[in-house]
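Peer 1: Throw the hints in and build the complete structure from the sequences for me.
Taken in sequence, the protein lines are chains A and B.
Taking the working numbering, the leading residue of the first sequence gets 49, the next gets one more, and so forth.
Taking the working numbering, the leading residue of the second sequence gets 74, the next gets one more, and so forth.
A hint or two may mislead.
Said to hold, decoys possible - One-sided and incomplete, this derived list gives chain A residues near chain B with beta-carbon spacing under 10 Å:
{"hint": "1", "residue": "109"}
{"hint": "2", "residue": "113"}
{"hint": "3", "residue": "114"}
{"hint": "4", "residue": "117"}
{"hint": "5", "residue": "120"}
{"hint": "6", "residue": "123"}
{"hint": "7", "residue": "211"}
{"hint": "8", "residue": "217"}
{"hint": "9", "residue": "225"}
{"hint": "10", "residue": "229"}
{"hint": "11", "residue": "231"}
{"hint": "12", "residue": "234"}
{"hint": "13", "residue": "239"}
{"hint": "14", "residue": "519"}
Said to hold, decoys possible - With a straight-line cut-off of 30 Å between C-alpha atoms, the simulated BS3-like cross-links for lysine-lysine are:
{"hint": "15", "chain 1": "B", "residue 1": "100", "chain 2": "B", "residue 2": "270"}
{"hint": "16", "chain 1": "B", "residue 1": "446", "chain 2": "A", "residue 2": "162"}
{"hint": "17", "chain 1": "A", "residue 1": "218", "chain 2": "B", "residue 2": "446"}
Said to hold, decoys possible - Calculated Cβ distances over 10 Å to all of chain A for the following chain B residues:
{"hint": "18", "residue": "108"}
{"hint": "19", "residue": "231"}
{"hint": "20", "residue": "255"}
{"hint": "21", "residue": "272"}
{"hint": "22", "residue": "373"}
{"hint": "23", "residue": "475"}
{"hint": "24", "residue": "476"}
{"hint": "25", "residue": "546"}
Hint data in this document are derived by calculation from the structure and do not stem from the laboratory.
The beta carbon of each residue, even a glycine, is placed where N, CA and C say it ideally should be.
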Amino acid sequence: MTTPEIYRSFIPFYAVMVSLTAVPLILLSFRHANLREFWTLAASIIKFALVFLLLPGALAGRIAEFTFWEISPGIALTLKTDAFGVFFALIASGLWMLTSIYSIGYVRGLKEHKQTRYFACFAVCLSATIGIAFAANLLTFVFFYEILTIATYPLVIHKETRVAIQAGRKYLVYTLTAGVLLIAATAWTYRITGNLDFRAGGMFANASFSPSAITVLFILFLAGVGVKAAIMPLHSWLPAAMVAPTPVSALLHAVAVVKSGVFGVVRVVGFVFGPQLMRQFDLNTLLAIMAGATIILASLLAFRQDNLKQRLAYSTVGHLSYIVLGAALLSPASLIGGLLHIVNHATLKITLFFCAGAIYVRHHKEKISELDGIGRVMPWTMGAFTVGAVGLAGIPPINGFISKWQLGLGALQAGEILPLAVLVLSGLLNAGYFAPIIYRAFLKSPAVPYKHGEASPLMVIPIVMTGLFSLLLGLNPDLFFYFYRLAAQVSASILGGTGP
Amino acid sequence: MIIYNSPALVPLLLLATAISIPVLAIKKTKLAYPLAVGASLFSVILSSYNIFRVWKSGPLTYHFGGWIPPIGIEYVLDPLSAFIALVINIVAFFVLWHASGVQEREIPGKSVPYYSLVLLFLCGANGIIMTGDLFNLYVFLEIFSLAGYGLIGIGEKQAPVAAFRYLIMGTVGASFYLLGLGFLYIVTGSLNMADIKNILPLIDSNPAVEAALSLMVIGIGIKMAIFPLHGWLPDAYTYAPSTTSSLIAPIGTKVAAYAIIRLLFFVFDVKFVSRTLPITDLIAWLAAIGILYGSVMAMAQKEMKRMLAYSSVAQIGYIGLGIGMANPLGFIGAVLHILNHAFMKGTLFLVAANLRKNSGHSDISRLDASYRKKLPWSMAAFTLAALSMIGLPPTAGFFSKWYLALGAIDRGNWVFLAVILVSSLLNAVYFFRILEKVYLVPPPAPKAGEDLSPKAKKRRGSLIGEEEYGLMIPCVILSFSLLLLGLGNANIVKGIIQRIIPLGM
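Peer 2: Pasting the structure below:
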């Protein structure tokens, strides 16, 4: 692979700023619901289009770069659209479009309060997420990472109930602590390397380390990004944060925020430490053990949740660690599998959350035990739910199968059997905790007949689209967005050390 | 003429206005305020001009009465003094702008002496910053402190007691300083900073010099309220009138911090203060304890101004820690934090003042969402300043934390790093406690017979939401500049602070 060509461009800057620009517009139209929603939709469409424009370049190894200015002598706030960044930005911005449509249906259906704040914070979160995706160095990453932390808080406590405030506190305790650890790790790295630019294959090429120092540094990083990636034992904010409105859970707590954490893990593993150091100091084993344990434990915990969103949250915790496991195994296929799981889990889990939200808005049901026979009145919603559940269990032809297959292959490439066993077991557990929901929804008859049918089309259409998209990606992972090619490219650059 | 005299002009102008206010405003007390604001505005303009000149053509000196130093008194404007002078004059201007709305209510009928004192206080601060003479520094320190006692004592019922306490401690501090200076004068025969700096290396190890340094640092340390010399601060900040606390919190302790920086690194030698007599280590460790102590105490407070006062103890610790690290990154962090903290604390105290003006109290336990409805912009300013205090990007506070963390790592001191990071979490605790209340806790149901609706409706109708612009705009400007200061910090660091990193660091 040749060294990528770097060109200066404003597109990454626009891609970050477009939703930030929408914020004042949203705030100013606080009395006009339609206008406010129009701004959100317009921003999300423009954002997605801008990111999409960067795709051909990323595939061809051409990297757009935008430098704001120096934010610390020698370190600039810089955006760079490498394949991995575009990969993540595509997912986040693409699903934001669908979530925006769904959000409108959701907040209108529930007549939510403080919709202005809701949409404004959502827009800030997306700016931060794209900033994270395109961050060219660690300080830029930290910068947007912390903005994301703080912009998500008003969404977590949106309901302003006692439970929500408690959850908000928990969220802040976890994420702010992670933030300062990440800052410490970044400062330390800067001290060692004098440079914070991400480099495929690792940035510590010439640094000498004592084993204990590098382990401590790795743990600092891991704690920093691992909270958002919900690696156990750092996960418990995530189920608590499910008190947020469902679109928030769907996009932020299944895609943007948690995937920023996972994205961070991959950045740290592949672009800060690099495969060589990871193996040399056995850091990948540490990471793999944590990921494996998280996968199994989270799946077991998911069984015990009767609240649908809680069950989905634990499922998310487990699936995030699939990606972490892929990164930890450091073989070509495992990296591809892990990266693909970022997409696949995103489309699948967002579908499931969308379904949970639709059920809540239309029937005000949150518990699984109350869902008897709901599939008969909401066939589209529950059909999509089934697609999502089947996908997460890793059954073909849904896309979850592909990432899992690659992960399994990667485990074998790395010469490890145990991860494969974990994956198989987790698949069974997934099937185990999703099957009862589907069984109740379609085969049991309702105790009390339902008064309503499907939710508004504003909600059903996004549900069906994400479900359908999961299916299509399962048939061809390169469909539309070349996710597979991008993932393969990233994997090759990390392992080959041929990145920018 | 102005060009050559501009270094001396700021303190002289402030002094002259301070003296003329009682004369000019004897009949028309309303004149006092515009005179004070005018003088303050003019000092901002002059300081901006000064820093521009310094930036363009290097340090400026001014010899009083034409006497050549070390005989005469010298004023020195190097990037450091020009910068700090500009910072405090800007903050003072915004506080004074804001004062028109609160002063009449809190201390009615005392505007003439009050504004006169304010200007004396600022004159002292500017003098301390610009002077190149250690005895002249003492003179200005006394002007500054005496005005400060008056400004505090004029406040609530308990204020005279707090002021008296400050007076006792402040006088002790000043005496320590003077005593130390005496020792130094005996040994070196000079009072000029640059001159002493040249003489000191020629002197063999001499206990008198060490005693001088220790006494002077303790003396200024009291003014700076560095832990454990902070005892006077919480009461003084709490009971003083709002304008005084908003003025003294961002300016008072910063000026003393500046004086310590001057003394340690520009009169004495970096090597001397960090090796021969490891006073910087002592400062750093005390500061580290102070950071934790101040943050924990702040968490325990029920009253906003008192909480902010303890938070100041902690934040001064940041500056002390940066100074005490005695390395370039720590120094950058300390100087940058003088700027950042001045803006943050200024904003926070001004918002506390708005709360008191609006609802007669600033008890944290009584805050609820109705306060945000009444003061949406003030609360937004408060939020931004609070995020900066916690140290979240892109606000300015993040970057002071960043440089201090780099400094701690550079020094290889993990305890300092941990203290900086833990304190940022403790800050989060006590600020989010307030933010939660202001944004999330619903107000108690209005009592029967209370009719809030017409007013509430009117407020909803206006986009601004806050009626008293004079109270709102200074807070908003100060707090939104935190974003600019954060994003543009590299320019400040490269353009100003890096130019004056003391030799030998």
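Peer 1: Taking the hints in turn, state whether each one holds.
Peer 2: Hints, verified against the model:
Using the Cβ-Cβ criterion of 10 Å, the hint placing residue 109 of chain A at the interface with chain B is not satisfied: the shortest such distance is roughly 31 Å. Taken as an interface hint, residue 113 of chain A does not check out: its beta carbon lies about 18 Å from the nearest beta carbon of chain B, beyond 10 Å. Given the 10 Å rule on beta carbons, the hint for residue 114 of chain A is violated: about 15 Å separates it from the nearest Cβ of chain B. Annotation: residue 117 of chain A was flagged as interfacial toward chain B, and the flag holds, the nearest CB pair being 7 Å apart, inside 10 Å.
The criterion of a C-beta within 10 Å of any C-beta in chain B is met by residue 120 of chain A, whose closest approach is roughly 6 Å, and the hint holds. Annotation: residue 123 of chain A was flagged as interfacial toward chain B, and the flag holds, the nearest CB pair being 8 Å apart, inside 10 Å. Evaluation of the residue 211 of chain A hint against chain B yields a violated restraint, the C-beta minimum of about 12 Å exceeding 10 Å. Contact between residue 217 of chain A and chain B, as hinted, is supported at the beta carbon level, the nearest pair being about 8 Å apart and thus within 10 Å.
For residue 225 of chain A, the shortest C-beta to C-beta distance to chain B is roughly 6 Å, which falls under 10 Å, so the interface hint holds. Taken as an interface hint, residue 229 of chain A checks out: its beta carbon lies about 7 Å from the nearest beta carbon of chain B, inside 10 Å. For residue 231 of chain A, the interface hint holds, the least distance from its beta-carbon to any beta-carbon of chain B being 6 Å, beneath 10 Å. At about 8 Å, the closest approach between the beta carbon of residue 234 of chain A and any beta carbon in chain B falls short of 10 Å, and the interface hint on this residue holds.
Interface hint at residue 239 of chain A: satisfied, since its Cβ lies 5 Å from the closest Cβ of chain B, which is below the 10 Å cut-off. The beta carbon of residue 519 of chain A is not positioned within 10 Å of any beta carbon in chain B (closest approach about 40 Å), and the interface hint is therefore violated. For the proposed pair residue 100 of chain B and residue 270 of chain B, the alpha carbon gap of about 50 Å is over 30 Å, so the pair is violated. For the suggested pair residue 446 of chain B and residue 162 of chain A, the alpha carbons sit about 13 Å apart, so the restraint of at most 30 Å is met.
Annotation: proposed proximity of residue 218 of chain A to residue 446 of chain B holds, straight-line Cα distance about 26 Å (limit 30 Å). Every CB of chain A is more than 10 Å from the CB of residue 108 of chain B (nearest about 39 Å), matching its label as outside the interface. Residue 231 of chain B, annotated as away from the interface, keeps every beta carbon of chain A farther than 10 Å; the closest lies near 34 Å. Non-interface status of residue 255 of chain B relative to chain A is upheld: no Cβ of that chain comes within 10 Å, the nearest being about 41 Å off.
Under the 10 Å C-beta cut-off, the non-interface status given to residue 272 of chain B relative to chain A holds; the minimum distance is some 34 Å. Under the 10 Å C-beta cut-off, the non-interface status given to residue 373 of chain B relative to chain A holds; the minimum distance is some 18 Å. At the 10 Å boundary, the C-beta of residue 475 of chain B falls inside the reach of chain A, the nearest C-beta of that chain being 6 Å off. The beta carbon of residue 476 of chain B is not kept farther than 10 Å from every beta carbon of chain A, the shortest such distance being approximately 8 Å.
Its beta-carbon lying about 18 Å from the closest one in chain A, residue 546 of chain B satisfies the requirement of being farther than 10 Å from that chain.
Violated hints, in rising order: 1, 2, 3, 7, 14, 15, 23, 24; the structure is consistent with all others.
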